[in-house]
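K.L.:
Read off the chains here:
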Amino acid sequence: MGFLKDKVTRRDFITYAGVIVAFVIVQLLVNTHVIPYSLRGQLVPVTCYIVMAISLNLVVGVAGDLSLGHAGFMSVGSFTGIVTAMSLASAIPSPVVRLVLAMIVGAVFAALAGFLIGLPVLRLRGDYLAIVSLAFGEIIKDLVNCLIVGADSHGLHVIFDMAGTKTINDLNLAEGGVAIIKGAQGASGTTTISTFAAGFVLIMIALVIVLNLVRSRTGRAIMAVRDNKIAAESVGLSTTKYRMIAFVVSAAIAGAAGALYGNNFSQMSASQFDFNTSILVLVFVVLGGLGNMRGSIIAAALLTILPEALRQFSDYRMLVYAIVLILVMLFTNNPQLKALIQRLNPRFRKEAAADGE
Amino acid sequence: MNAFIQFLFNGISLGSVYAIIALGYTMVYGIAKMLNFAHGDVIMVGAYISFCATSYLGMPGWASVVLSVIVCTVLGVVIEGLAYRPLRDAGPLAVLITAIGVSYFLQNAAQLIWGATPKNFTSLVTFPVPGFLAQYKVSAVSIVTVIACLIIMVGLMWFTANTKMGKAMRACSEDKAAAQLMGVNVNKTISMTFAIGSGLAAIAGVLLCSYSPVLKPTTGAMPGIKAFTAAVFGGIGSIPGAFVGGILLGIIEAMAKAYISSNLANSIVFAVLIVVLLIKPAGLLGKYVPEKV
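Keeping their order, the protein sequence lines are chains A and B. Residues in the first sequence are numbered from 1 upward in steps of one, following this note's numbering. Residues in the second sequence are numbered from 1001 upward in steps of one, following this note's numbering.
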């Protein structure tokens, strides 16, 4: 195990090991029925959000571009994934193969969307980039809302319903055809084929891709562009190219997560992937720590379960969530409060020193 | 032609609401340099206060507007003092997430107090519209909105150009440290900016709900985002820019709804924003400051 002597490699392997251990424990708890039924339905969404957080962390944390439209890529992946899985239902009986295909197709389409959106978005920086990515997220939502898609023995039928007047009857489906996406209603009647195990595998794949990218020459270039654009340019790095690599890889991962998410529910509409979803994932990334994938995973898992755990507060739970969010930001970012915590607990002091390395 | 003019008037009055919100947004952004996502929710609170004052307390319309402006001004200052001031030196992301937290808080608090069922807001502005405007179906609210918007813009321009506080605001937006060295109380100036921005949000809330009468806890979210878009569109930090951006955004939205597709109206607005930012990265009236080594 000589390679584990390297500090960075060891850190990454601890992350992998942690995810595997967590998966085994949760799977055991599910098999022994310790986890209540209401929480079991949350397992696949939790894995999707973890993957989303890893993916957004690559853009926000590693590349330093504040994207507020990440749910758009999830949406693209989700609906292309649903169409793939549903239209191949008779051709490929195995749900596992269909799910894998759906995730691949979702990732490819989301990557394509990422590239097209990246071209204009990555010319901007800072708050302007944020508002334009938000705009693209909303545009994707509106466009998907206009889609009517069905499949029959002749192949796929797609209508782009701009005026909102057409229905699935306009698809002219042959006998035995199914309508998959029904405009603003979204996709309904989807066969749910996503599993917790698939979610776990996707987390591992996303982690391997992102961690290896970050530790590579390309990853160092991406971070150099983030830290100082002018200095990076002056040593010959193409700033747009490296930010684009991060953006497209991130979009692809988000697309795969979307495909997993979409195939987990029988009913899914584009309005579910709105600005609030993008913000939710951004909260995971910021609370977990920018550029820290392990932090993203933990934050995404905890914060998805937290509203469930706050059930006893019933109506007050989102209010409590909001207050917790504000307090965490204040306590981790205000110099006086940070100093106070460090005085109270010497362990934090050590961690703070370790962060400074 | 008649229909076109009607849509144009619609767009101008909707745009004036956006412009009032955008004016508040642009002031706050210009000085605090933060995306205040809670701004839209202050609009919602303002509308609820006015709604309660008229329907439960039986106050006259103008008094309910005054009350709602006072409540929102205080709310804005309290939010700034409790949530944003401690993060003055923190990174922009920390402030952004805190603003999102405040936004969640306001929405959920409103839901607890007033319930999730939409309230039917009765328009506060009713007077007979002069005949030459009535033929284009211009409502009384539209006239009041446009006039209010113009007064507010001119007032803000005068305020920032001539008063001591206004000059302090411009100094803070240029360079906080230098302003402090010149004896400007930066914290007080930022509080004042939030007070003005939130007061304007209250007025915008009342006008917005007089215009489209459905009032629920999430009412402010989309107008908030659109107003921010308007502020960026016109050049963020610039007062005439926010005005121009707001009006143009309203007209584009009304025209897109009428002639292209009502489903895609928001998308068209956002698409225009993207195109404008690509051609003029600092917005229509913004100053472009190139990055220096």
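Because the hints were derived from the structure by calculation, they are not lab data. These numbers were taken from a predicted model, which means no experiment stands behind them. Heads up, the beta-carbon is just placed ideally off N, CA and C, and yes, glycines get one too. Honestly, I wouldn't trust all of these hints.
[Unchecked claim] Here are some of the chain A residues that sit facing chain B, going by a computed Cβ distance under 8 Å:
| hint | residue |
| --- | --- |
| 1 | Ile159 |
| 2 | Phe160 |
| 3 | Thr304 |
| 4 | Pro307 |
| 5 | Glu308 |
[Claimed, not checked] Far from chain A, by Cβ distances over 12 Å, these chain B residues were calculated:
| hint | residue |
| --- | --- |
| 6 | Phe1009 |
| 7 | Leu1067 |
| 8 | Pro1086 |
| 9 | Leu1112 |
| 10 | Lys1137 |
| 11 | Phe1159 |
| 12 | Asn1263 |
| 13 | Ile1274 |
K.L.:
Which constraints among the numbered hints does this structure fail? Numbers only, ascending.
P.N.:
1, 2, 3, 4, 5, 8, 9, 12 and 13
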